[in-house]
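Student: The listed protein sequences derive, respectively, from chains E and W.
If you're matching positions, the first sequence starts at 1 in my numbering and goes up one per residue.
If you're matching positions, the second sequence starts at 1 in my numbering and goes up one per residue.
Source of the hints: derived by calculation from the structure; they are not laboratory data.
Predicted, not measured: the structure shown is a model, and the values here were computed from it.
Worth double-checking, as some hints may not be accurate.
No copy labels: a pair is met if it fits in one copy or bridges any two.
Listed below are the simulated BS3-like cross-link pairs for lysine-lysine, each with C-alpha atoms no more than 30 Å apart in a straight line [unchecked claim]: (1) K421 / K348; (2) K2 / K319; (3) K319 / K329; (4) K406 / K269; (5) K153 / K168; (6) K240 / K270; (7) K348 / K406; (8) K240 / K269; (9) K319 / K181; (10) K240 / K59.
Number of protein chains: 2
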Amino acid sequence: MKPVRVGLLGLGTVGTGVVRILEGHQEDLSSQVGSPIVIEKIAVKNMHKTRTLTVDPSKLTEDPWEVIRDPEIDVIVEVMGGVEQTKAYILEALERGKHIVTANKDLMALYGSQVLAKAMENQCDVFYEASVAGGIPIIRTLIEGFSSDRIVKIMGIVNGTTNYILSKMSQEGASYEDVLKEAQQLGYAESDPTSDVEGLDAARKMAILGTLGFRTNVELSDVQVRGISNVSKEDILYAKRLGYEMKLLGIAECQEEEFSITVQPTMVKKTHPIAAVNGVYNAVYVFGEAVGETMFYGAGAGEMPTATSVVADLIAVVKNLRLGVNGLKAIVPYKPKKLKTDEQIFYKNFLLLHVDDRAGVLAQITQAFAEFEVSLESVVQSPNTNVPGAEIMIVTHSASKASMEKVLNYFETLDVIHRIKSVYRVEG
Amino acid sequence: MKPVRVGLLGLGTVGTGVVRILEGHQEDLSSQVGSPIVIEKIAVKNMHKTRTLTVDPSKLTEDPWEVIRDPEIDVIVEVMGGVEQTKAYILEALERGKHIVTANKDLMALYGSQVLAKAMENQCDVFYEASVAGGIPIIRTLIEGFSSDRIVKIMGIVNGTTNYILSKMSQEGASYEDVLKEAQQLGYAESDPTSDVEGLDAARKMAILGTLGFRTNVELSDVQVRGISNVSKEDILYAKRLGYEMKLLGIAECQEEEFSITVQPTMVKKTHPIAAVNGVYNAVYVFGEAVGETMFYGAGAGEMPTATSVVADLIAVVKNLRLGVNGLKAIVPYKPKKLKTDEQIFYKNFLLLHVDDRAGVLAQITQAFAEFEVSLESVVQSPNTNVPGAEIMIVTHSASKASMEKVLNYFETLDVIHRIKSVYRVEG
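Whenever a hint applies, use it, and build me the whole structure from the sequences.
Tutor: Written out as structure tokens, the structure is:
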């Protein structure tokens, strides 16, 4: 059987894993797909870099175009990252009839619909399992496993760096700054951690999951994002005392074809299965109208887990090649896009207020909630041990985002409230 | 577009769910597959039974052959259960070129290879996602999501009834008999619970998962089975004290193409993600050489979750129909079958012994372990509060099944040991 020829863009962490799996499991893979899979060319940044694995130097090039334009190559595996330039490579590869396997969440979140449209035009496959949650086959699950269901809610811990930081803060009572520094030393966080800690990386992944789950075209700009850089160790302590764990959660919800997507630090009830996901692990919780609660857990990053997903996609491409059906099973969002307004987004809230310690303050505050139609689950007032005055801890019942914003705006005008110390979404 | 015509065998719990989803999501499904999916005929036991959903009576028949032999029908959805007679229906349907979606674990565990061979002969699809773990798309995950990896271990809580019973016993300190009675009243356990509580149902599902995970032909007789009917509330109490939860675990392991599959009550370390899976929920933990730890969690049974999987399979059949590729992606186990011997199966053990309370007994016992090359992780001796003598609680390091059996056989001959009260596998 004629071998399938692969062009690899990028030989970093994931690229190295892809080569290792293709070499190590060659016999297994041939048995499954009926033909050998051969890496024909690899585009790298620096041909002379020392590497942890041995690659035939004649396969290396520093020019990605050389890979894209090689007529012998059937499939491009893109694990180099980047957005604009990479998009140009991918689009040209598709025009040349090459199938694409990519781990690039940035590209898919920003230009997924353009890439998929180009793929359809050219009857090519574009698979991107590795772009979300590394080794967890969540994209397949949403496309195929739940094809029969209506997804109501997707909650994801889809960024390992922030989950590592929050888990450590929770387990050790450490501060954000200290744990971030440690994570950077361990290589779990980048030297510029903005994309992770400000929730941008998670937002990209949630846009991809939302598009698949709700079958409508979710764009990155639809995702409301708040990162973890302001989460204090006190916040986590309060959360734990109330029976919650603090997690950076992506939450996508859809009712009657209207959706909302957010990423924010969230207090998750400890009894919820996603609350127990710690360290660099990822998990995606999916609630379907028919299937109910499900959760998928695994390594969200790393050389081998991510490469597992890349090569699984590659196998799918090769099987389609042999059947001659590439590009014919593409999932194109077919539902009209309707974003929820702030009046339609409901959730529970946690608030921590620093207030005057005198009679009538609590009444004034609870009165405000009542006026804006936010009902309360629990209110605890206690003397503030750090600053003068008292501390009020409030958990609301489910309330609209719009109402909560009115409450918070009003609180800003109240003299008896010194400070709105913390506000978090609450789940579970 | 010409509608796809479905023949339904069975209109019990799952069958009802399938009809509900096909009717309720009709528009969604047509958008996905490009043609309407119509239920043409339904075989039921009793045409005149009162049902919770309205079905056109002209579609009902009490003769499954009428469905199988209807030339208009493209796909048979089998949710009636049963083995020998049902196999006959399925094989004839395949001979007539009809594709099969089944939720029948008994059939697939016993005759899966025969059914799949017949399907290949006739270029038909046979999908059976719903046969294991209800709404969790674990079969797809093993076939496609982890196609690139080597699966080393699969641990499953794949029987909701027994997980409900053990969870209740753990949470409430109740006895097996009391909880079983309650489960029967709630409809979580059958009036004859043997198949569930003796582990046979779990064994069938593990045979299916093993076949897919290890790509070799695992037969039901390869699964060593022990049920939960002898698990006492004291055993669970001891487990909890040591930091374990008692679970009926299916465990399939494969190293260097040699596998073992067992189902037994197992003490699982509380920190292991599968230990927190409670009630009627199912979970499958998969450890892959490259992907590492993953876990998939959801409802293991019930009308709508199971129907979700059945209809997802149906959608896959219909997509293949439109592409003309049915039966071409069948996964046939291609690896030679090599079962591990008892010398090759290693795990940790928990033992509870009732012994004479006098000097030298403990020495005699630990000496025996040493002779049979089983090393010990912990040993606790305490006075027995219920019967005369002392109680010794032992947790071994990982030891071969063969060695452990030698130890246990030797203990049977020792006068100082009154009773080997409990022996459990330990995981995590």
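Student: Next step is simple, just say for each hint if it's right about the structure.
Tutor: Hint-by-hint comparison with the structure:
Only within a single protomer do K421 and K348 lie at most 30 Å apart by alpha-carbon distance; the minimum there is 17 Å, versus 50 Å between protomers. Taking identical chains as interchangeable, the C-alpha atoms of K2 and K319 lie at most 30 Å apart whether they share a chain (13 Å) or sit on different chains (27 Å). Taking the shortest Cα distances, K319 and K329 sit within 30 Å of each other both inside one copy (13 Å) and across copies (8 Å). Proximity of K406 to K269 under the C-alpha cut-off of 30 Å is restricted to the intra-copy arrangement: shortest distance 26 Å within a copy versus 47 Å between copies.
For the identical chains of this complex, K153 and K168 are neighbours both inside a copy (27 Å) and across copies (29 Å), given an alpha-carbon limit of 30 Å. For a Cα distance limit of 30 Å, the shortest separation of K240 from K270 qualifies both inside one copy, at 8 Å, and across copies, at 19 Å. Within a single copy, K348 and K406 get their C-alpha atoms as close as 15 Å, which meets the 30 Å cut-off; across copies the closest is 58 Å, which misses it. Taking the shortest Cα distances, K240 and K269 sit within 30 Å of each other both inside one copy (9 Å) and across copies (23 Å).
In this homomeric assembly, K319 and K181 never come within 30 Å of each other (Cα to Cα): the closest approach is 45 Å inside a single copy and 50 Å across copies. Within a single copy, K240 and K59 get their C-alpha atoms no closer than 54 Å, and across copies no closer than 57 Å, so neither meets the 30 Å cut-off.
In this structure, the earlier hints numbered 9 and 10 are contradicted, and the remaining ones agree with it.
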